[in-house]
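J.: The primary structure of each chain is shown beneath.
2 protein chains.
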Amino acid sequence: MASTQCVVVLFLITFTSTAFSRSILETSPKTHHSFTSNPIFIRRKIPKDGNAFYCESWRLSVETDNAGSWTQIPASCLDFVEEYATGDHYSSDLEVFAENALEFAKEVNVSSIHGKDAWVFDIDETLLSNVGYYEFYGFGYYDVDALNEWVESAVDPALPASLELYKELQNMGFKLILLTGRSESLRNATEKNLLQAGYSNWETLILRGPSDTDKTATVFKSEKRRELEHHGFKIHGNCGDQWSDLRGFAVATRSFKLPNPMYYAP
Amino acid sequence: MASTQCVVVLFLITFTSTAFSRSILETSPKTHHSFTSNPIFIRRKIPKDGNAFYCESWRLSVETDNAGSWTQIPASCLDFVEEYATGDHYSSDLEVFAENALEFAKEVNVSSIHGKDAWVFDIDETLLSNVGYYEFYGFGYYDVDALNEWVESAVDPALPASLELYKELQNMGFKLILLTGRSESLRNATEKNLLQAGYSNWETLILRGPSDTDKTATVFKSEKRRELEHHGFKIHGNCGDQWSDLRGFAVATRSFKLPNPMYYAP
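Which chain is which? The protein sequence lines are A and B, in order.
For what it's worth, our numbering labels the leading residue of the first sequence as 1, then goes sequentially.
For what it's worth, our numbering labels the leading residue of the second sequence as 1, then goes sequentially.
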């Protein structure tokens, strides 16, 4: 009986939890939340309308931004997303993304504007991977406190293809700008995590300050890119897993979209 | 011996043919070219660096525009592209694209600006499908004369999901603008093909005129969208298979990218 109640409660938690947005990374950590167990999911396994490619097509709609402002992974695609994000397909997509970015970087005459050739990177799902969190809690399940605690614990590994790209760009002379929607309150944890994951010597780390709280990611990041331009930087490349990292104004010469079918940040 | 020579010649034709651009649709048809046989391809079947997901990742890089200005399908992905474009995966992607577009369209208050609520469609690989041409000649193989003749013959079928979307939008009161990089010289063939494929009652069909010849697709299409705005149209949606259909200025409120791993048009 107790276990039945547990299943029901977890089911309700899962399906009544509020829509996730990356803004949860921008609030201060609250109470302690221990990582004790995976929530139980009721997952619909039958593809939508019998379309075996539905989840692939849904993922493409997310990556091209056709899906727009989506809030939840379709129930029938939870296993698909888990398999994607924890398997070789995601790694392969990331490797090809990094190849594309590097190919463009090699066309840039880095020495042309001494010390001001810049490349912008987002952090979550761009330099660092929170897949461990999603794998532990179950894909499609989000808990603000737990995710904050996860980020505070600074245990994210680097996305290997991104780390390699980062180092290559650095060797080529680009100034690396880290521009994240994470709150200033997470600066120490973020720096610690980045260093532990192998990143170093960034030009600047820009987090969301108190005056940026009400801005969309697109506006916040565009404003910061414009400030960089006013300081003389030429933003050649920009890498992010969300379209809101890449669009708006003061956009880079080339923008590179990393895959992320796990969540949407407006 | 003769057949060996034939293979060698076809190999050379295949791998030395000039890079394709959709501009070939914008030149006048030249000599007669009969559709007699498929070229023979030497296809490298081994995935790049042993990465089983390479072609999937390459396709994603095209659809997100990470690949930028690409000219050739990777040799190891020719069979992959053929299987994609002639199978259920492409259809599924198109269906989800159309669902995304329709979902947004339903949010629009179409009656708000009487008779001026517009939706823009590209034509090739957006309303009409040239897959028959690519299937006949072999994916990755392009011949200017043959493609021109194909387009002149006006035999393209509709992409079913696009035709359904087109009709739904029309019923909702949107004015449908067809904006294509095809040359004015192809107006008759294009109108004939559209009508035969089931499209009708478009507001206007805009083709590339003599003064547009030297413009990139992005500039040509942006200028035409701006003209539409100057005529009082509000462009709510825009559908195209190339990023050059969707970007630039005077962009639609929402842009929808149809998949196309077959070719790139700048």
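Hints listed in this document are in silico derivations from the structure and should not be mistaken for laboratory results.
Do not rely on the hints blindly, as some may be mistaken.
No farther apart than 25 Å at their CA atoms in a straight line, the calculated lysine to aspartate or glutamate pairs in the DMTMM-like style are these [to be verified]:
#, chain 1, residue 1, chain 2, residue 2
1, A, Lys192, A, Glu135
2, B, Lys215, A, Glu135
3, A, Lys215, B, Glu229
Far from chain B by the CB rule (all over 12 Å, computed), these chain A residues [unchecked claim]:
#, residue
4, Val62
5, Gly132
6, Phe136
7, Ala158
8, Gly198
9, Asp214
10, Ser255
11, Pro266
Keep in mind the model is a prediction, meaning the values are calculated, not measured.
Every residue, glycine too, gets a C-beta built ideally from N, C-alpha and C.
J.: Evaluate each hint against the coordinates.
T.: Now for the hints, and whether the structure bears them out:
| no. | hint | result |
| --- | --- | --- |
| 1 | Lys192/A / Glu135/A | 22 Å, holds |
| 2 | Lys215/B / Glu135/A | 49 Å, violated |
| 3 | Lys215/A / Glu229/B | 29 Å, violated |
| 4 | Val62 | 10 Å, violated |
| 5 | Gly132 | 21 Å, holds |
| 6 | Phe136 | 25 Å, holds |
| 7 | Ala158 | 19 Å, holds |
| 8 | Gly198 | 22 Å, holds |
| 9 | Asp214 | 23 Å, holds |
| 10 | Ser255 | 8 Å, violated |
| 11 | Pro266 | 14 Å, holds |
Violation of the numbered hints given earlier is confined to hints 2, 3, 4 and 10; the remaining hints are satisfied by the structure.
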